[in-house]
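Based on the sequences and whatever the hints tell you, model everything.
The sequence shown runs -18 to -1, 1 to 176 under mature numbering (1 follows the signal peptide of the UniProt record, and there is no 0).
Simulated from the structure, these hints should not be mistaken for lab results. Incorrect hints may have been included.
Label-pair restraints from in silico Cβ distances [what the hints assert, rightly or not]:
1) 130 with 175: 32 to 42 Å
2) 175 with 149: 16 to 26 Å
3) 26 with 154: 18 to 28 Å
4) 28 with 165: 35 to 45 Å
Below 30 Å or equal to it, Euclidean Cα-Cα: the simulated DSBU-like pairs (lysine-lysine) are [what the hints assert, rightly or not]:
5) 85 with 158
6) 45 with 92
7) 45 with 85
8) 92 with 36
Since the model is a prediction, treat every value here as computed from it, not as a measurement. In this text, a Cβ means the ideal position worked out from N, Cα and C, and glycines have one as well.
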Amino acid sequence: MKAGSISLILALVGVVSAMTPPGLIPSNTENMTVFFNTSSLATNGIAIAQSGAKSTPTLALDKSLTGTTFMVLMVDPDAGNVGGNGSSAFLHWMQDGFTSSSKSVTVGNKTVFALENTANVVPIAAYLPPGPPTGQTHRYTQYLVDTTGVKGFTVSSSVANSTMTRVAFNMQDFVKQANLTIISANFWKTTGGT
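So this is what it looks like as structure tokens:
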């Protein structure tokens, strides 16, 4: 009985800590909190209505990482085919210039440290809200990369020519060619027409 309880607890912990959809490439298991208002989280595959995701979400981490800068990329791995592995995703957002706040905020009973764009860095690719076809459910995955020491993220011409397109955006190739390391990730689901 005790072994069964431990197995159940471990299984539940695995579900809660899975920050990218199963089978998605690249994958990550570090926690990033995403929210559109301070009463509800858009994390761990929760369903978010199209109407609730029209504005740019707020990103946060469980601890303050002052002195670190970040870039976020948000992709829809299901744009090419529902249930895809992310090799032909749609790029919804690419934004550099985030830093970690030293002040915490409570979101849905969770204390986090918001990421802020205090230098007003212009997005590389402005946020486009979810828009799957009516009745289709797509996964919207956000990846956080460390850009500390980089003055404004720049995309080299070789990277830009091969992967810097919103349609058929290959996240794995982009991360590899740009020599980036994903440190955190998250996803939510949106169904078209909601």
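How the hints compare with the structure:
1. 130 with 175: 32 to 42 Å: This hint holds: roughly 41 Å between Cβ atoms.
2. 175 with 149: 16 to 26 Å: Check passed, 22 Å falls within 16 to 26 Å.
3. 26 with 154: 18 to 28 Å: holds, 22 Å
4. 28 with 165: 35 to 45 Å: violated, 22 Å
5. 85 with 158: violated, 33 Å
6. 45 with 92: holds, 12 Å
7. 45 with 85: Satisfied, since the Cα-Cα distance of roughly 10 Å is no more than 30 Å.
8. 92 with 36: holds, 23 Å
In the structure shown, a violation is registered for the earlier hints numbered 4, 5, in ascending order.
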